[in-house]
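These protein sequences, in sequence, are chains A and U.
Just so it is clear: in the first sequence, position 67 is 67 by UniProt numbering, and no numbers are missing.
Just so it is clear: in the second sequence, position 437 is 437 by UniProt numbering, and no numbers are missing.
Calculated from the structure, these hints are not laboratory results.
Backbone N, C-alpha and C fix where the C-beta goes; we use that ideal spot for every residue, glycine too.
Just so you know, not all the hints are guaranteed correct.
Unchecked claim - Here are some chain A residues pointing at chain U (derived, C-beta under 10 Å):
(1) 48
(2) 49
(3) 176
(4) 178
(5) 184
(6) 197
(7) 200
(8) 279
(9) 342
(10) 402
(11) 403
(12) 453
Protein chains: 2
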Amino acid sequence: MNISAAVDALSELLGERLSRSKSDLDNHGRSESHFPLTPPDAVAYPDSTEEVSQIMKICNEHECPVVGWGVGTSLEGHALAVKGGVVVDFTRMNKIIEVSPEDMDVRVQPGVTREDLNVDLRATGLFFPVDPGANATLGGMAATRASGTTAVRYGTMRDNVIGLEVVLADGRIIRTGTRARKSSAGYDLTAMFVGSEGTLGLITELTLRLHGQPMAMSSAVCAFDTIDGAVNAVIETIQMGIPMARIEFVDAAGTQAVNAYSGTDFPAVPHLLVEFHGSDSAVAEQAEEFGEIAREHGATNFDWATSEEDRKRLWDIRHKAYYAMLASRPGSRAIVTDVCVPISRLAEAVTETIADIEETGIPAPILGHVGDGNFHSAILIDETNPDERAAAKALSHRMAERALRLGGTVTGEHGIGMGKLGYMRAEHGEAWDVMGTLKQSLDPKGVLNPGKIIPQGE
Amino acid sequence: MNISAAVDALSELLGERLSRSKSDLDNHGRSESHFPLTPPDAVAYPDSTEEVSQIMKICNEHECPVVGWGVGTSLEGHALAVKGGVVVDFTRMNKIIEVSPEDMDVRVQPGVTREDLNVDLRATGLFFPVDPGANATLGGMAATRASGTTAVRYGTMRDNVIGLEVVLADGRIIRTGTRARKSSAGYDLTAMFVGSEGTLGLITELTLRLHGQPMAMSSAVCAFDTIDGAVNAVIETIQMGIPMARIEFVDAAGTQAVNAYSGTDFPAVPHLLVEFHGSDSAVAEQAEEFGEIAREHGATNFDWATSEEDRKRLWDIRHKAYYAMLASRPGSRAIVTDVCVPISRLAEAVTETIADIEETGIPAPILGHVGDGNFHSAILIDETNPDERAAAKALSHRMAERALRLGGTVTGEHGIGMGKLGYMRAEHGEAWDVMGTLKQSLDPKGVLNPGKIIPQGE
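Take these sequences, add in the hints, and give me the full structure.
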């Protein structure tokens, strides 16, 4: 490994677009989470796929680690250069290359953010639905297999990435997939790179599936006496085939935090927020059917919103929930967990988790994309208190083990990064070795985001 | 390579469940297509995953080719043991292990056929939607990434396989995926094995996503003056977000063949068959919206069917279309093509193809899953006429090249097998080498279905 030789060669190649300023290195050494500052040795700002290919050739030759970077919103430290080396920042590769309304797809560079894409799409009547909350880049969302509130209806990045252009460890440029809506022509390389967290290649272009902007939308919030009631309402709604665009769970603690922060007065019990997309009549029918199901499971205090303004008010509450939770314990820092279980085990998982949280005595409100069986708790700790840090880590660990015991996964949407590496063996067994074999075959020198998904030396 | 040593060891292991009878070998040397009889050296009938693992260990040790077998309905010779060796027939592994109505999924062994599964599911209100036409096994459908008429609404096997149990070349048994509806925990191995045609491992168990049986269904057939009219009606229907459960195209020649075979009297022009699934009112609304769009594009002669009986009558026509086409040229054999293009290029692709067909003078009616941009022509040749064979092959070749030129794929749903291997470089470029690298890393001795997807020595 000769990082400095690689960095010298890269500054030859990129000139001022190879940065070594302390502020730049620090900016690319931070994460949204509790991981320590991990500045890389340099930050590269390529303008083109060809340049990314040259960067990879240089780094591979010198065995210098390479880590892709979008806007740094990932929650598990995916983009931290834990072995040093070069961060490749895709800020300058942010063009929307081609929108094809007839095919309902779009070709973009990896540095385009989802919000920029949707602003650009407004006039077309189409939109890109995957919404992880943060205004992440589409390259980063693909690399981490992001999803969010709309996955229950529109799927995750797995379902919405049709094809990719990828630069491999040795600098080769490949294209995966075609613009046809389906294909049986060999291995699904697109799916292999989606969620690979930059460990198999750098994504330099994406072809994404778009969806028609719904003619009508209807949102609602309703209260439940019990978690089981809320979850069973979700299960029955899915079984009835009622197409929910979003269905979010907030527990009693989360609701109280929201009330305090947003000045609302929801009862201090579990709530569901739902949204339906479609034609006026379809949405009205879906809303009514859901209402009936929810009431059968003890739902009360319905608040329906169909105007854009009212819906915005409702979803603002959800979008601000994270800040509301933080504010509920001033000065605290949140350790955000992310597990996903089969829906039949969701009520059990949430109930056990809340009991577990209460035992620790640390506040940890719960939010969930319950249509997917995915939920998060924001464990609110006093960072200066090592006991709380340890208790929070232990709590998070028990949540992951609980998810595995219930047939689920240790990460529904945040990814492995650094935070979940310790669970790969428990979740995948020998399949983890297969991942290691694939990594070894495509990146024999281990230069692509080393230390992620496949631990060094594994 | 020592096939006989492997076969001896296998008959030790399996006794009478290792067959070498000529009839059995011949039955497993046939395909639905024009490929010559290719009997394997032996046929193994394992009872369990553990036995499949032992079979693989023996064959890997002796470098004996192993080819998985469901019911032999694949159309590109996927299951032919072109290098000799052992066919592993999953007939005895045909149990439905566990249906989970709350999670809307099911665990099955690979030898279960889709029709058997759906019969078993009737009482649950759920069904498995992927329908390639033939009553294939679910293991075979996963291995070939099958789809069919319902993919436009429910997706392909890629979208409906949640997890797998796979026996690797060296006999290791791994599990991919979890029963959670989504996960970001590492590489998507499930997607890598789906569509790998038995070249990376043998599927010994599948977890499949189920869907709710729709409350109401409505089907229609309508006539169009032009192909463009039919295709543009499809494009606009998709853009409007009207959820079609099925939308099938039949060209003028196909319609005439159907009339002659089924005694119908549809006008000799292109037709669309559509189906909508949902609640009574949703289906009624969708049907009306589609009708308006279709009429704007020149649709006439609407025939709507909502009762099960009437819908069955309509879809019988579609399901018998293949036989109708064969009957339209008595004594002929069909070479069935399978291309898929971006929908924006579909009208162009079909129109050019029909002109091309007319020039050859060989009858070749066209059927298509137009919601996906996927269409087939049944090239009806007199097998005893070498000129026709050559002309048909040339026609099929031009169709594949046309699909690639238009940004599509040489196979929408039939797979590579033997028939499409020659197009892998043209479709994937260097990405084909990546597939070879993956194959080499997981099957270094090349024992898993050699000669498929990755040519020997490539």
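Checked hints:
The closest approach between the C-beta of residue 48/A and any C-beta of chain U is roughly 18 Å, which is over the 10 Å cut-off, so the hint fails. The interface hint given for residue 49/A is violated, since its Cβ lies 13 Å from the closest Cβ of chain U, which is over the 10 Å cut-off. Below 10 Å, beta-carbon pairs count as interface contacts, and residue 176/A has one with chain U at about 6 Å; its hint therefore holds. With a least beta-carbon distance of about 5 Å to chain U, the hint placing residue 178/A at the interface is held under the 10 Å criterion.
The interface hint given for residue 184/A is met, as the beta carbon of that residue sits about 4 Å from the closest beta carbon of chain U, less than 10 Å. Taking 10 Å as the C-beta contact cut-off toward chain U, the hint placing residue 197/A at the interface holds, the least distance being around 8 Å. For residue 200/A, the shortest C-beta to C-beta distance to chain U is roughly 8 Å, which falls under 10 Å, so the interface hint holds. For residue 279/A, the suggested interface contact is upheld, since its CB lies about 6 Å from the closest CB of chain U, less than 10 Å.
The criterion of a C-beta within 10 Å of any C-beta in chain U is met by residue 342/A, whose closest approach is roughly 4 Å, and the hint holds. Given the 10 Å rule on beta carbons, the hint for residue 402/A is violated: about 13 Å separates it from the nearest Cβ of chain U. Taken as an interface hint, residue 403/A checks out: its beta carbon lies about 8 Å from the nearest beta carbon of chain U, inside 10 Å. At about 5 Å, the closest approach between the beta carbon of residue 453/A and any beta carbon in chain U falls short of 10 Å, and the interface hint on this residue holds.
Violated hints, listed in ascending order, are 1, 2, 10; each of the other numbered hints is respected by the structure.
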